[in-house]
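So you can see what is in the structure, the chains are spelled out below.
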Amino acid sequence: MSRRPPDFAILFTVLILVCFGMIMVFSSSSVRAYYFYNDSFYFFKRQLAWSILGFIAMIFFMNYDYWKIKKYEKLIVFVMLLLLVLVLIPGIGKKVNEARRWIGIGALTIQPSEIAKLGMIIYLSCGLERKGVKVQSFFGGVLPFLLVMGVVCALILKEPHLSATVLIGITTLILLFVGGAKMTHMIGMGACGFVLALMLAISKPYRLKRLLSFLDPWANPSEEGYHIIQSLYALGSGGLIGVGIGQSRQKFFYLPEPQTDFIFSVIGEELGFIGAAFVIIMFMFFIWRGYRTAMAAPDVFGKLMATGITSLIALQFLINVAVVTASVPVTGMPLPFISYGGSSLTITMSQIGILLNISRYAEVK
Amino acid sequence: MDKLKRNIKLIFVVFSVLFISLILYLTYFTAVEREQLIKSSYNRRLWEQEEKVMRGTIYDSKGRPLAETGFEGGTKRRIYNGGKAIGPLIGYSDRVLGRAGIENVFNGELLGVSEQDPVTLLRQKILGVSEQGSDVYLTIDLDLQKTAYDLFQGRKGALVALEPQTGRILALVSSPGYDPSTVKQDWEKLSKDENKPLINRATQGLYPPGSAFKIITLAGALTYNPEIEYEKFYTPGYIKVSGSIIRDGQHLWPGEYDLNTAFRYSSNTVFIQIGQRVEREKMIEMAEAFGFNASNKSDIPIAKSTFPRPPVIGGDVEMAESFIGQGRILSTPVQMAQVAAIIANDGKMVTPYIAQKIVSPLGTEISKAPKASTTQVVSSEVARKIKALMVDVVKSGTGTAAAISGIEVAGKTGSAENPHGQAHAWFVGFAPAENPKIAVAVVVENAGSGGSVAGPIARGVISKYLSDITR
Chain A
1 MSRRPPDFAI LFTVLILVCF GMIMVFSSSS VRAYYFYNDS FYFFKRQLAW SILGFIAMIF
61 FMNYDYWKIK KYEKLIVFVM LLLLVLVLIP GIGKKVNEAR RWIGIGALTI QPSEIAKLGM
121 IIYLSCGLER KGVKVQSFFG GVLPFLLVMG VVCALILKEP HLSATVLIGI TTLILLFVGG
181 AKMTHMIGMG ACGFVLALML AISKPYRLKR LLSFLDPWAN PSEEGYHIIQ SLYALGSGGL
241 IGVGIGQSRQ KFFYLPEPQT DFIFSVIGEE LGFIGAAFVI IMFMFFIWRG YRTAMAAPDV
301 FGKLMATGIT SLIALQFLIN VAVVTASVPV TGMPLPFISY GGSSLTITMS QIGILLNISR
361 YAEVK
Chain B
1001 MDKLKRNIKL IFVVFSVLFI SLILYLTYFT AVEREQLIKS SYNRRLWEQE EKVMRGTIYD
1061 SKGRPLAETG FEGGTKRRIY NGGKAIGPLI GYSDRVLGRA GIENVFNGEL LGVSEQDPVT
1121 LLRQKILGVS EQGSDVYLTI DLDLQKTAYD LFQGRKGALV ALEPQTGRIL ALVSSPGYDP
1181 STVKQDWEKL SKDENKPLIN RATQGLYPPG SAFKIITLAG ALTYNPEIEY EKFYTPGYIK
1241 VSGSIIRDGQ HLWPGEYDLN TAFRYSSNTV FIQIGQRVER EKMIEMAEAF GFNASNKSDI
1301 PIAKSTFPRP PVIGGDVEMA ESFIGQGRIL STPVQMAQVA AIIANDGKMV TPYIAQKIVS
1361 PLGTEISKAP KASTTQVVSS EVARKIKALM VDVVKSGTGT AAAISGIEVA GKTGSAENPH
1421 GQAHAWFVGF APAENPKIAV AVVVENAGSG GSVAGPIARG VISKYLSDIT R
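Sequence order for the protein chains is A and B. Taking the numbering used here, I'd label the letters of the first sequence as residues 1 to 365. Taking the numbering used here, I'd label the letters of the second sequence as residues 1001 to 1471.
To be clear, the hints were calculated from the coordinates, so they are not data collected in a lab. Treat the hints with care, as some may be off.
Here are the computed lysine-lysine pairs in the DSS-like style, where the Cα-Cα straight-line distance is at most 25 Å [what the hints assert, rightly or not]:
hint: 1; chain 1: B; residue 1: K1184; chain 2: A; residue 2: K182
hint: 2; chain 1: B; residue 1: K1005; chain 2: A; residue 2: K134
hint: 3; chain 1: A; residue 1: K68; chain 2: B; residue 2: K1005
hint: 4; chain 1: A; residue 1: K70; chain 2: B; residue 2: K1385
hint: 5; chain 1: B; residue 1: K1005; chain 2: A; residue 2: K131
hint: 6; chain 1: B; residue 1: K1003; chain 2: A; residue 2: K182
hint: 7; chain 1: A; residue 1: K134; chain 2: B; residue 2: K1052
hint: 8; chain 1: A; residue 1: K131; chain 2: B; residue 2: K1437
hint: 9; chain 1: B; residue 1: K1232; chain 2: B; residue 2: K1385
hint: 10; chain 1: B; residue 1: K1368; chain 2: A; residue 2: K131
hint: 11; chain 1: A; residue 1: K182; chain 2: B; residue 2: K1437
hint: 12; chain 1: A; residue 1: K134; chain 2: B; residue 2: K1003
hint: 13; chain 1: B; residue 1: K1368; chain 2: B; residue 2: K1437
hint: 14; chain 1: A; residue 1: K70; chain 2: B; residue 2: K1232
hint: 15; chain 1: A; residue 1: K70; chain 2: A; residue 2: K131
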């Protein structure tokens, strides 16, 4: 196969979003950074470092032929499961806010659930390509994937990290669907997943209360509804053109984590409807190019990998924005490329590297 | 491979739909939900704004300030002009107590945060008036408001006066009131007071309207059975409805009467008879056309007046009670003033409003007056007939206490029975009958007979207003 230049549209969209994110991270985090670390640039500097690392990773994977990943499938699955188990062990996994999600030494920490997102996409793409039409059967086709997904999800849920669990669940279903699973199986799995999610929600009272708070945040404005109300105020204050960059009021400790989960609210407040619409349109453009690459990829593995990566980013974006606009329950979900994310930014950019590499072999008519 | 492509395409379509709905929602949010959100009193940003901004002035219809921001020893202070007469209406704005009344409803305008247009915002910045809120001009006449408040002499009740052709609220009184200038010092006492001075009875008080409601029963009867105008009705002093007995008031001996006499002396028996001759649904629709069960269309919050529909109201007895304004009908004083105004306005709909205009610091005026409605609630012919009957009520019926020499006053009294003691006294009317300038509704709680207690208050307000505008 001949190698062509990558899809520059994807490359530049991502670079613009990352740079834009850097500005917004600085704008939204400077107050907190100064208050907690005595350095307004605290988050900005780290975001800069991780994005440079991410850029290097992206360039590397852009030039690393994607089908070679297949060789490491077993290793990747093994490392993924190992990390997911290790993070649960007190002393190895770091506990932040009642959840044990981080692993690593010093400033170099990663979330195994981030690795698992990519790991699952690789595993599913390899497996589905091998299976071919056999995926149509239930026991020989779909079930093994479901079992692996079940184990991974259970481990992540144990941390607990609900949003990553949901994300991996939905991405798995998307890949199974694209990979050719029967419609009846899909519907069955979707229904099971829904029931399971419902049971999980009910099992812990705080979860249910938090989950339902988005329906009417005003019912309890100082407790469950607080975050969402502050987010709506941020968006509401923005209006058409926003209050101006750096002028957000809500970032002054009204919004929880303005530089990660609620960065979209700050964008809406400072840059208004125009700023928010710009971000949405950039992402829309990105997913169009992503799925276009997927459709034009030369082999099944490439098609599935591109679909998985694009879907994962689209889902994260949609869930994040849906949360801050009170359309779905509150859950911690960073905005891809833009949120302050440390290692997750680097991993996301590696995924873009793989997508770009696939685009170099895409046969676009 | 082709199947794979097709599946990917499908996933892309699904995501596209989600993205597009996101943009649509955001547009809707910016255009619609945003404004309510900004003005919400939970919004802490507004209190921040409050410190920076000179809160705008609230004026009455003659340009007299009712509430303005001034300086006292270097600190900003809100100065109120009008004492207890304006308290429940104008309200207050205080960081500890929160906001109430006009200060609350028009908070966004008074703080200048409702301004959306970026060009205007820029101009304000350049001209150095961005730190100033807009002024709100009300339709209220401070003199009339004070006169009306004094007429209550501290008794519990409410008065609403409207201009019938436009719906302008001329006076909106709730008694007993409180002085907004001292609301903070008096808070403890006011919040515990059994007479509940902090409540605006005119907009939030829900009372059974009693016989004043017969105006609507009459409207229904004359619309669907116009022949009753020429009929005679017999009353033995009471009527039996499915076993229950409902009595007439004390004004009528048993006998045979025409419609005019029955209305003048407010015969329950006759009005239940004529009400029962109209189809139930039609009668409920008539009450709803006058504004019952409808959501608030005014620019200030007004409690919903209700005429319960079946199955909430049970059988014939409750329906019969409804025809005479008892049973489960509840009405705000604003609603009853609206009923009077509709009759005065030849049967055309009237929507009460209180903000005439908003004037920004740059001097741009935004008119808030709604367009005059052309919706006919009852035909002008029916309205004319009701007006004639209401004139006779004041001339020689239960409402003589509201009569003013030289001016033809139209009205209807009511003494609404209620579980809290003596009847609530009502007077609903307008004047001058041939060319109405003012419509009023008065209610005095647990005061007994409507004519003798509420009538004089209405007379006082009407004569004050008419002499003011002709002077």
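We went through each hint and held it up to the structure:
Distance check on the hinted pair: K1184 (chain B) and K182 (chain A) sit about 70 Å apart at the alpha-carbon level, beyond 25 Å; violated. About 18 Å separates the Cα atoms of K1005 (chain B) and K134 (chain A), which keeps this hinted pair within 25 Å; it holds. A C-alpha spacing of about 23 Å is found between K68 (chain A) and K1005 (chain B), which places the hinted pair at or below 25 Å, so the restraint holds. Restraint check: the Cα-Cα separation between K70 (chain A) and K1385 (chain B) comes to about 92 Å, which exceeds 25 Å; the hinted pair is violated.
Pair hint K1005 (chain B) plus K131 (chain A) holds up; C-alpha atoms about 17 Å apart against a cutoff of 25 Å. Pair hint K1003 (chain B) plus K182 (chain A) holds up; C-alpha atoms about 12 Å apart against a cutoff of 25 Å. Restraint check: the Cα-Cα separation between K134 (chain A) and K1052 (chain B) comes to about 70 Å, which exceeds 25 Å; the hinted pair is violated. Simply put, K131 (chain A) and K1437 (chain B) have alpha-carbon atoms about 87 Å apart, too far for the 25 Å limit, and the pair is violated.
For a cut-off of 25 Å, the pair hint linking K1232 (chain B) to K1385 (chain B) stands: about 17 Å separates their Cα positions. Among the hinted pairs, K1368 (chain B) with K131 (chain A) is inconsistent with the structure: their alpha-carbon atoms are about 70 Å apart, more than 25 Å. The hinted pair formed by K182 (chain A) and K1437 (chain B) fails the criterion: a straight-line CA distance of about 76 Å is larger than 25 Å. Proposed proximity of K134 (chain A) and K1003 (chain B) is supported: the alpha carbons are some 15 Å apart, at most 25 Å.
As the CA atoms of K1368 (chain B) and K1437 (chain B) are separated by approximately 21 Å, the hinted pair is consistent with the 25 Å bound. As the CA atoms of K70 (chain A) and K1232 (chain B) are separated by approximately 100 Å, the hinted pair breaks the 25 Å bound. A C-alpha spacing of about 14 Å is found between K70 (chain A) and K131 (chain A), which places the hinted pair at or below 25 Å, so the restraint holds.
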